[in-house]
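Undergrad: Heads up: the protein sequence lines correspond to chains A and B, in order. Just add 15 to wherever you are in the first sequence, counting from 1, and you've got my numbering. Just add 15 to wherever you are in the second sequence, counting from 1, and you've got my numbering.
Hints should not be assumed to be uniformly reliable.
Copies of the same chain are indistinguishable here, so a pair counts whether it falls within one copy or spans any two.
Stated by the list, open to error - Straight line, CA to CA, 20 Å or less: simulated SDA-like cross-link-like pairs of lysine to any residue:
#  : residue 1 : residue 2
1  : 192       : 252
2  : 242       : 254
3  : 193       : 252
4  : 100       : 110
5  : 192       : 265
6  : 249       : 189
7  : 107       : 171
8  : 66        : 251
9  : 192       : 177
10 : 196       : 160
11 : 242       : 123
12 : 242       : 230
13 : 196       : 243
Just so you know, the hints here were simulated from the structure itself, not pulled from any lab data.
Number of protein chains: 2
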Amino acid sequence: MTKKITRRDAVRIFGAVAGTSLLNSALGFKAIAAETAKGATDSSFPWPYTKLDSDQIAERAYKGYYEGHCMYGAFEAIVGAVADKKGGEPFKSFPYKMMKYGAGGVGDWASLCGALNGAAAAIALFVAEPKPLIDELFGWYEKEPLPNYKPKNPKFDIQTSVAASVLCHQSVTNWCKKAGKKAFSPERSERCAWITASVAKFTTEILNHHFAGTFKAAYPIPADVAKCRGCHDKGGSIENTRGKMGCTSCHPNTDKTHKEL
Amino acid sequence: MTKKITRRDAVRIFGAVAGTSLLNSALGFKAIAAETAKGATDSSFPWPYTKLDSDQIAERAYKGYYEGHCMYGAFEAIVGAVADKKGGEPFKSFPYKMMKYGAGGVGDWASLCGALNGAAAAIALFVAEPKPLIDELFGWYEKEPLPNYKPKNPKFDIQTSVAASVLCHQSVTNWCKKAGKKAFSPERSERCAWITASVAKFTTEILNHHFAGTFKAAYPIPADVAKCRGCHDKGGSIENTRGKMGCTSCHPNTDKTHKEL
Numbered sequence: 016m017t018k019k020i021t022r023r024d025a026v027r028i029f030g031a032v033a034g035t036s037l038l039n040s041a042l043g044f045k046a047i048a049a050e051t052a053k054g055a056t057d058s059s060f061p062w063p064y065t066k067l068d069s070d071q072i073a074e075r076a077y078k079g080y081y082e083g084h085c086m087y088g089a090f091e092a093i094v095g096a097v098a099d100k101k102g103g104e105p106f107k108s109f110p111y112k113m114m115k116y117g118a119g120g121v122g123d124w125a126s127l128c129g130a131l132n133g134a135a136a137a138i139a140l141f142v143a144e145p146k147p148l149i150d151e152l153f154g155w156y157e158k159e160p161l162p163n164y165k166p167k168n169p170k171f172d173i174q175t176s177v178a179a180s181v182l183c184h185q186s187v188t189n190w191c192k193k194a195g196k197k198a199f200s201p202e203r204s205e206r207c208a209w210i211t212a213s214v215a216k217f218t219t220e221i222l223n224h225h226f227a228g229t230f231k232a233a234y235p236i237p238a239d240v241a242k243c244r245g246c247h248d249k250g251g252s253i254e255n256t257r258g259k260m261g262c263t264s265c266h267p268n269t270d271k272t273h274k275e276l
Numbered sequence: 016m017t018k019k020i021t022r023r024d025a026v027r028i029f030g031a032v033a034g035t036s037l038l039n040s041a042l043g044f045k046a047i048a049a050e051t052a053k054g055a056t057d058s059s060f061p062w063p064y065t066k067l068d069s070d071q072i073a074e075r076a077y078k079g080y081y082e083g084h085c086m087y088g089a090f091e092a093i094v095g096a097v098a099d100k101k102g103g104e105p106f107k108s109f110p111y112k113m114m115k116y117g118a119g120g121v122g123d124w125a126s127l128c129g130a131l132n133g134a135a136a137a138i139a140l141f142v143a144e145p146k147p148l149i150d151e152l153f154g155w156y157e158k159e160p161l162p163n164y165k166p167k168n169p170k171f172d173i174q175t176s177v178a179a180s181v182l183c184h185q186s187v188t189n190w191c192k193k194a195g196k197k198a199f200s201p202e203r204s205e206r207c208a209w210i211t212a213s214v215a216k217f218t219t220e221i222l223n224h225h226f227a228g229t230f231k232a233a234y235p236i237p238a239d240v241a242k243c244r245g246c247h248d249k250g251g252s253i254e255n256t257r258g259k260m261g262c263t264s265c266h267p268n269t270d271k272t273h274k275e276l
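Let the sequences and hints guide you as you build the complete structure.
TA: In structure tokens, the structure reads:
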């Protein structure tokens, strides 16, 4: 299972992270060095990123949605585009089709939005410490009226809505109510294709910024969620939960519940 | 990007699926043939599975949790064990560490349970039509008192609880309430390590059954969820949602809400 890293590999990998901020370069190199010592299978992890055109990625994700749904669409657009630029292994052997499992919030369970699941996986493939970028992506998704990318050749015109959650269920239902369309209508599919494109575009932008050393988070945890977390999350007096998802979409009667206690 | 399949490859791949049911063999071979024609990058998808010992996988997942958290633990235990038996590519190049992103319901957002996210990905890597197996796994997870696997050398003794949801948030919070432990306590980490082991074990069992042609679903959609879906899901009069998650953990006042309408 050991894979030797040659001098040429080291130069290639180091070159790929050379455009990142000093911190990320250091993290990347540290990860590579640690893996080499361990002789792990994924010895060049994280994989090298290259700057992408976010509009091109959005179009690819829109097309990808109709080939393999939301998770596949977002993941393949980003990682497949890097693969096209880099060529060869390890990109060539990656089982992109595996990512179809995230469709409809994983196997149609309507849990995590598949576009977010795929985009988070793509971020984690390229970034040693992916959490700040995932926080930014998920925070943006909960708050912004989406989709905010219109593909060049759309099937329908699509209304925006605010998901107020990272879950497929709320995201879809809030849109259905706003647009007056059914959950299994072709318009809803088109809306999720636009969402996939929008998520892939935003993810590409934050990846580009991250590797250019210009990433700045603009979507912190909202004040109402931070208030709940004050008691319920890490270090709080109750500390009986974790997470950063919006609270009130599932707990709308929070004030009432608190008064009853 | 084209990868030719040699006669030897075809024999190897066909041999790997030969132990499956007739349907799965047919599906697998059809997928391979289709990919060859298209010249896609992941030309031997889905990847070949081999029967695993579910207790060994549970132990590996328990250990993996402490190396890379829940999603990595479940995925690496199953796919890594197949990789150890098969050796070489494409397993060798797979970026297992990418799966760390699912920790704490993806980047600590407490959305989909990471053990389920990783196990679903593993199922989708080996099974062309993964939904029935994902349905079984997710249905089991919502209903059963878990964890139901105790590792050989546990750090603590762990109480069981019923998640009633596939989401990290409910799963963790329900356990915290039952066990009287905090969400960031070492006992909660140990509980999630046992959960990762339990999920990996159950997933291995259903994969083994699937490829032996003996898989039978035992966790259909519960009656209360089916009742809600009757109006709200595909083909229903309202059809404003999708999904199979338990409804009442987020909508406890369903009867009241319906009366008010």
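Undergrad: For each hint, tell me whether it holds in the structure or not.
TA: These are the hints, each one checked on the structure:
1. 192 / 252: Classified as between: cross-chain Cα gap 14 Å, same-chain 37 Å, threshold 20 Å.
2. 242 / 254: For residue 242 and residue 254, only the intra-copy Cα distance (13 Å) is at most 20 Å; the inter-copy one is 34 Å.
3. 193 / 252: between (38 Å within a copy, 17 Å between copies)
4. 100 / 110: both (18 Å within a copy, 19 Å between copies)
5. 192 / 265: both (17 Å within a copy, 18 Å between copies)
6. 249 / 189: The answer is between: 16 Å across copies meets 20 Å, while 30 Å in one copy does not.
7. 107 / 171: Neither. Shortest intra-copy (34 Å) and inter-copy (43 Å) distances fail the 20 Å Cα cut-off.
8. 66 / 251: Cα proximity of residue 66 and residue 251: none, with 41 Å in one copy and 45 Å across.
9. 192 / 177: within (11 Å within a copy, 32 Å between copies)
10. 196 / 160: within (17 Å within a copy, 38 Å between copies)
11. 242 / 123: between (32 Å within a copy, 17 Å between copies)
12. 242 / 230: neither (26 Å within a copy, 47 Å between copies)
13. 196 / 243: between (33 Å within a copy, 19 Å between copies)
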